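Peer 1: As given, the protein sequences belong to chains A and B, one line each in that order.
Heads up, the first sequence is in this note's numbering, so the first residue is 71 and it goes up one at a time.
Heads up, the second sequence is in this note's numbering, so the first residue is 40 and it goes up one at a time.
Just so you know, the hints here were simulated from the structure itself, not pulled from any lab data.
What you are looking at is a predicted structure, and each value in this text was computed from that prediction instead of being measured.
Backbone N, C-alpha and C define an ideal beta-carbon position, used for all residues, glycine too.
A portion of the hints provided could be inaccurate.
Pairwise CB distance ranges, derived in the manner of DEER restraints [unchecked claim]:
no., chain 1, residue 1, chain 2, residue 2, range
1, B, Arg149, A, Thr204, 24 to 30 Å
2, B, Pro84, A, Arg241, 53 to 59 Å
3, B, His232, A, Glu217, 30 to 36 Å
Chain A regions said to be covered by chain B (calculated; three or more residues, Cβ under 8 Å) [what the hints assert, rightly or not]:
no., region
4, 121-131
5, 218-226
Selected chain A positions facing chain B (Cβ under 10 Å, derived; list incomplete) [stated by the list, open to error]:
no., residue
6, Thr97
7, Asn175
8, Tyr182
9, Ala185
10, Gly186
11, Ile190
12, Asn257
13, Glu261
14, Thr265
15, Ala267
16, Leu271
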Amino acid sequence: LYLHGGVEKAVERGLLWLLNAWPAEGTVWRRWQQVLFPSPANRQNNALRGWSWTPGTASWVEPTAHALLFLRSLPTDMLPPLAAKRRQLAERMLYDRMCPGGGWNSGNPLVYGVAGVPRIGPTVWALMALRDHTDRAEVQMSLRWLEGAYSGIQGAASLALAHRCLGAYWRPAPPLAPALGELYFRNRFFENVLTAAWVVLALAEDGSASAQTADRVATE
Amino acid sequence: MSFAQSSLMPPFTRPLSRVAIVRSGGYDRDLGTLLFEAAQKFDLPVKGKKVLIKPNFVEPDPEGVVNTHPAVVAAVRETFLRLGADSVRVAEGPGHERDMEAIVETIRLRDFLGPLPNLFVDLNLDDVRPVNLRTRASKLKQLYLPRTVLEADFIVSVPKLKTHHWSGVTLSLKNMFGIVPGSCYGWPKNVLHWAGITPSILDINSTVRPDFAIVDGIIGMEGNGPIQGSPKPTGVLVLGDDPVAVDATCARVMGLAPERIDHLAKAGALLGHLRPDKILQLGESVASVRAPFAVLPAFRKLVAAQA
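Given the sequences, and given the hints that come with them, work out the whole structure.
Peer 2: Encoded structure:
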């Protein structure tokens, strides 16, 4: 909307809403509860708040990453002072929720002391949101996890996202079009519009795909 | 569809529930015949109906421990087609993994069911419509639910026999969390956790109560389930016409006391039968297949006294 112009006021209002949308787990009462009755189930710092999927619920990796990407896409002169605080908290929250060996799942890095298993989608979104932190050890470790998991990816959406993410960090990845072609033949991407959109974006950036291939997927 | 009037009935007015336990030594057996023969005893009203199978697909897991085994899903589908259903589709909306294709390809669902595009529905991305919940156990009052679920004539919940690190067990009632669409509520569907797991299970099942349940207990999961537990070969399929009675029977097979499992105890008040004397047991007895499951320390209170 911002890029189209003429709707700056609406974008500003949306931005303010987003900046004031605090997830529910970090209230003073909740944090006291965590101190007084620590849960054996998970360890996480509830003071580090990102964004929730729906109002009145807790921070999770993907909505937090999406919000960070949105904030980064806006010109800095448009961002009120609160934006810097929210960004800093959210980035720390992402590091707090990283799985012990690198990578992210939806946001449970340890449950009853057992390390959570990272997943492609949340890892990609977190890495994209932390792209300014290339030198951080956590980012490098997570990139290594993503590279290691890449060859085992069985879904078009995950493959397209992983390919884009590795590309954004200038990491090599196998050509995309042949693998996506095979996946399309299997399940037609379950006619999932979101998957098709990610595939088209990834193909458009990948040297192995012709413009016609991306066009064909977009049309179908 | 499953807004069955019978979903909310006090136990004293509800007829006996029927639950069958059948043994199976592995997923390579003829599960279709086994389930068909067991299901025939229930006289299920599915002729000409649109049947929907709701398995428990959680994450990509090639080991076959986390998710309902595809051989069981295929056998359930075959069973309902043989019972005369007009169509039998499979639908799921995983709570953590957004890439449904990655899950079904990892577990090789296509190898068991054939081409999936017209057969399988990703409930996380289905068309939705707002539905007023029939009970007020939680504060939710209303949920957006998938059209595929609301338009089905007969719903079969097909979970895995597993422990669960929040709710104690995850069986046919908890499995219905998967009908709540991620496109509206996110991954995970955290709104249900904040509304309370037990109240949410009750509200969802009072509104869309499964008409039948078939639990994959051939290999279950014990300990830190539903994802990070250990495989527990149990060698049974548990099926029945009352999801509460099926789950209570499964809990007894697992060596747990269903009346100590919060959501089961409360479901026993209005949604189905919990007490063994209200459950007509078919096939094997609970005692003959009982295989105590390991539980996390926080859930030791659920363990039943040795019979």
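Peer 1: Are the hints correct? Go through all of them and say.
Peer 2: A quick look at each hint next to the structure:
Our hint of 24 to 30 Å for Arg149/B and Thr204/A is violated, since their Cβ atoms are close to 39 Å apart. At about 57 Å, the CB distance of Pro84/B to Arg241/A agrees with the hint of 53 to 59 Å. Our hint of 30 to 36 Å for His232/B and Glu217/A holds, since their Cβ atoms are close to 33 Å apart. Closer than 8 Å: that is the beta-carbon criterion, and the region 121-131 of chain A has 7 residues meeting it against chain B, so the requirement of 3 holds.
Given a C-beta distance limit of less than 8 Å, the hint that chain B covers the region 218-226 of chain A holds, as 4 residues qualify and 3 suffice. For Thr97/A, the suggested interface contact is broken, since its CB lies about 12 Å from the closest CB of chain B, more than 10 Å. A distance limit of 10 Å between C-beta atoms decides the matter here; for Asn175/A the minimum to chain B is near 7 Å, and the interface restraint holds. A distance limit of 10 Å between C-beta atoms decides the matter here; for Tyr182/A the minimum to chain B is near 5 Å, and the interface restraint holds.
The closest approach between the C-beta of Ala185/A and any C-beta of chain B is roughly 9 Å, which is under the 10 Å cut-off, so the hint is satisfied. Among the interface hints, the one on Gly186/A holds; its C-beta lies about 8 Å from the nearest C-beta in chain B, closer than the 10 Å criterion. Interface hint status for Ile190/A: upheld, as the beta-carbon distance to the closest one in chain B is roughly 7 Å, under 10 Å. Interface restraint check: Asn257/A against chain B, minimum CB-CB distance 6 Å, threshold 10 Å, status holds.
Given the 10 Å rule on beta carbons, the hint for Glu261/A holds: about 7 Å separates it from the nearest Cβ of chain B. The restraint placing Thr265/A at the interface with chain B holds, with a minimum CB-CB distance near 7 Å, inside the 10 Å limit. The closest approach between the C-beta of Ala267/A and any C-beta of chain B is roughly 12 Å, which is over the 10 Å cut-off, so the hint fails. Because the smallest distance between the Cβ of Leu271/A and any Cβ of chain B comes to about 16 Å, over 10 Å, the interface hint for this residue is violated.
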